[in-house]
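> Single-letter residue listing:
There are 2 protein chains.
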Amino acid sequence: MSTHNLLSGFQDFLPESMLARNNLVSVVRGCYEKFGFLPQDTPCLERTELLTGKYGDNEKMIYSFEDHGGRRVSLRYDLTVPLTRFINMYINNIVFPYRRYQVGLSWRADKPGKGRFREFMQMDADIIGDESVLADVEVLTLMASAMEALGVRSTIRFNCRQILDSLVEMCQLDSETSVSLMRSIDKFDKIGQAGVLAELAGIGFSPGIIDKVGDYLKITGTNAEVLQGLTRLLGEAGAFQTGIALLSSITDLLAVQSHSLVDFEIDPTIARGLDYYTGLIFETRFVENPEFGSVCSGGRYDRLLKRPNGEFLPAVGLSIGIDRLLAAMKSVGKAPVFKTTTQVFIANFDEKLSSEYLKLAGELRQAGVAVEIFSKQSKIAKQLDIANKKYIPLVVLVGPDEISLSQVLLKDMRAGVQITVQRDQFVPAVLERLGLNNHPLAV
Amino acid sequence: MSTHNLLSGFQDFLPESMLARNNLVSVVRGCYEKFGFLPQDTPCLERTELLTGKYGDNEKMIYSFEDHGGRRVSLRYDLTVPLTRFINMYINNIVFPYRRYQVGLSWRADKPGKGRFREFMQMDADIIGDESVLADVEVLTLMASAMEALGVRSTIRFNCRQILDSLVEMCQLDSETSVSLMRSIDKFDKIGQAGVLAELAGIGFSPGIIDKVGDYLKITGTNAEVLQGLTRLLGEAGAFQTGIALLSSITDLLAVQSHSLVDFEIDPTIARGLDYYTGLIFETRFVENPEFGSVCSGGRYDRLLKRPNGEFLPAVGLSIGIDRLLAAMKSVGKAPVFKTTTQVFIANFDEKLSSEYLKLAGELRQAGVAVEIFSKQSKIAKQLDIANKKYIPLVVLVGPDEISLSQVLLKDMRAGVQITVQRDQFVPAVLERLGLNNHPLAV
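So the protein lines, in turn, are chains U and G.
My numbering puts the first sequence at residues 68 to 510.
My numbering puts the second sequence at residues 68 to 510.
Incorrect hints may appear among the rest.
[Claimed, not checked] Each computed SDA-like pair below joins lysine to any residue, with the alpha-carbon atoms no more than 25 Å apart:
no. : chain 1 : residue 1 : chain 2 : residue 2
1   : G       : K419      : U       : A306
2   : G       : K456      : U       : E198
3   : U       : K257      : U       : P179
4   : U       : K446      : G       : L320
[Unchecked claim] Which stretches of chain U does chain G cover? Using the computed rule of at least three CB atoms under 8 Å from a CB of chain G, they are:
no. : region
5   : 80–92
6   : 398–411
7   : 429–436
[To be verified] Here are some chain U residues the structure puts well away from chain G; computed CB gaps all over 12 Å:
no. : residue
8   : D232
9   : I270
10  : T287
11  : L294
12  : S386
13  : A448
In case anyone wonders, no lab produced these hints; they're calculated from the structure.
Just so it is clear, CB atoms sit at the ideal spot from N, CA and C, and this is done for glycine as well.
Kindly produce the complete structure, drawing on both the sequences and the hints.
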């Protein structure tokens, strides 16, 4: 029946998927906060005119409609455009530099690509009102810190707009042709150098320019070698000194800290589609599955956010797509699986003993243990089967015999063992069985 | 400029508001999990036909539109209707009884009442596939547990549908008139007994019925007294025995645990508007501000969720409106205020020392401390002022002198004191200053 269908491009989350998502959000949020970022939020609905026409014709990808008051409203398609409104509105309530993060859903109305959804969750972190290289480095380090916290070997590849501008300058391209060039370079990961050059030839770029771009794309090696290669090729361009100084400073400051799982690589092929980046741009790939593509990316955008007086506010940030990152983690076998958060299942021998079960549950919950009580008097084998299917590690068995003996049976479903404990030792025994003895809650 | 306006009825959250909301969600989520509830999620958009026409004409309160594929879609207006689709779709992936919770936004298109919003966050917890009184008691106890965790003195008032049915039966009302009666009784808190009776008279209820309702509304006292009063008045009605047995069992089982901040009261005036409740119904008010009205409510609904074969799945649950609960907590001065999660601010004496600042920050973050680095070389007084405005408790001051002496200055912004520590004692000294010595992260 169609009423019972999930809309195409949307997802439901059963508890197992939800626990995985919650865990990921919690780990990343922990990293954001360790770097001094604070949470903020904006509504999912905005005035349509705020969202449309920012980056060309984007109406096809936005859900828009007229509300009951005749206003044109839209579901946000990212967390950055609403940020422009937010910063403008609360400029006097914010102490700059402002480190903010936002966890929220966004929507795209057009048909989603493989592994993507019409409704998706993003976690953005931005430093606003700070034009320094140190801020760039903080964002890159935060990215690395998140990958380390998630336990995934990653490569963060970065470049900067000024280097790409130098290439455009050396090729003497006008702004329209330079956009085509950037778009082609951006496909490097997918189609390789030959693919990019063939595409440029197809568009009608001259052989001289194609040669230059070929030389540019060939620059690889250690960060020092890439910097040298870039200098050889682009050293004459006007924008180049700023670019090379920026990449050098970033590289030097990144070297201060070591990351066991993360490498930083200067990569001239990183171009990023969005034209709002003005400095640093970066992407992140998993070492074990680079084909998956970038799992999180970001950069500096000094010409998007404005004070009410029109003055630009420099900003640098990153964005993590939670669904995509989780899919990538699954692809390398690094997505932790959580079946349940419930630790104890209290079986039901007799509905007349309900008050005893409530008492047992209350004591455990007081000690911080997550408890489900089974409410139906039914065969114990059936109840154990249910506890098992729910992946609950410990079952409490108390029938009339246990009551009269002041005892409790604990069945450890993982080890398959059953132990008898005295009623007055019940809570400590459960905590011990769950390995919570040294847990703060057990004190 | 209108593009920069927030839509009317919607909210932005600056970090301070967001930290308060996150804290509330986290405390309630912790309670839900302690009671064995697991998270699930559904999309914000659903097919319009799923949402409309469930409880009369509700199209005015729903945001609906046509998507780019010509489908009629709507933003959900609660978390319960999508649950009907969810249960039906994943019936074979769920182990019943299913304790699930959901934290999510919902939207209402009509003009919101005072203190309410068009976009609002709810936290629902439900036990599905469990018709037992124990499940009713678990939900009530969970409600109490959440209020205790939030530290607010509350009264949970409950009633059941069968008692109200008995009143309808004794008054010999048809189903249409009984709906008017329930609607009037539901206003008891706002307009009092005289108000309800006057309203009934206005509608045209007979004096005999108005007398009976008057007697019904007069029943107060201890839970035992209320049960006696109800028996005297309604004991002859067909539905009564089920109702009184249910209220008695619930009262007995609730007595097993004591709650220092929460009282449970049987209250015949609780009627609840929604007609999907089939048994227990309850509301929660703060003792210190009962006028605020119910902050969270719920009940049993055994005729809403269905298996694919059409068989009903019994369910009982509660719903907490986060914005409303937070507003209520503020009204009694019990909403904790969080200014920031950032613990340390590293001042910037000289941009050339950036790598040292990154090193200091890295060490602290490794130890779990939340750190912001100030990136601009500027007057220290100005930097201290910024740290102060950001409510960051500790400032790290390292200039060329400290570097040459292998020292670090720590300025405690709360106490206004400054201490000098050796560079190699830096992390333990910060942890001590922050009171984190016994913190697991400090081990």
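> Indicate, hint by hint, whether the structure satisfies it.
Hints, one by one, checked against the model:
1. Among the hinted pairs, G:K419 with U:A306 is consistent with the structure: their alpha-carbon atoms are about 24 Å apart, no more than 25 Å.
2. Under the criterion of a C-alpha separation no larger than 25 Å, the hint pairing G:K456 with U:E198 is consistent with the structure, at around 21 Å.
3. For the hint pairing U:K257 with U:P179, the CA-to-CA distance comes to about 18 Å; that is within 25 Å, so the pair holds.
4. As the CA atoms of U:K446 and G:L320 are separated by approximately 23 Å, the hinted pair is consistent with the 25 Å bound.
5. Three residues within the 8 Å Cβ limit are the bar, and the region 80–92 of chain U against chain G gives 7, so the coverage statement holds.
6. A stretch counts as covered by a chain when three or more of its residues have a beta carbon under 8 Å from one of that chain; for the region 398–411 of chain U and chain G the count is 3, and the coverage holds.
7. By the rule of at least three residues with a Cβ nearer than 8 Å to a Cβ of chain G, the coverage given for the region 429–436 of chain U holds, with 4 such residues.
8. No beta-carbon of chain G is positioned within 12 Å of the beta-carbon of U:D232; the least distance is around 24 Å.
9. Consistency note on U:I270: stated as away from chain G, and its beta-carbon is indeed over 12 Å from all of that chain's, at 30 Å minimum.
10. The beta carbon of U:T287 is kept farther than 12 Å from every beta carbon of chain G, the shortest such distance being approximately 27 Å.
11. Even its closest Cβ contact with chain G, about 18 Å, leaves U:L294 beyond 12 Å, as expected for a residue assigned away from the interface.
12. Against chain G, the non-interface label of U:S386 holds: every CB pair exceeds 12 Å, the least being about 18 Å.
13. Its beta-carbon lying about 15 Å from the closest one in chain G, U:A448 satisfies the requirement of being farther than 12 Å from that chain.
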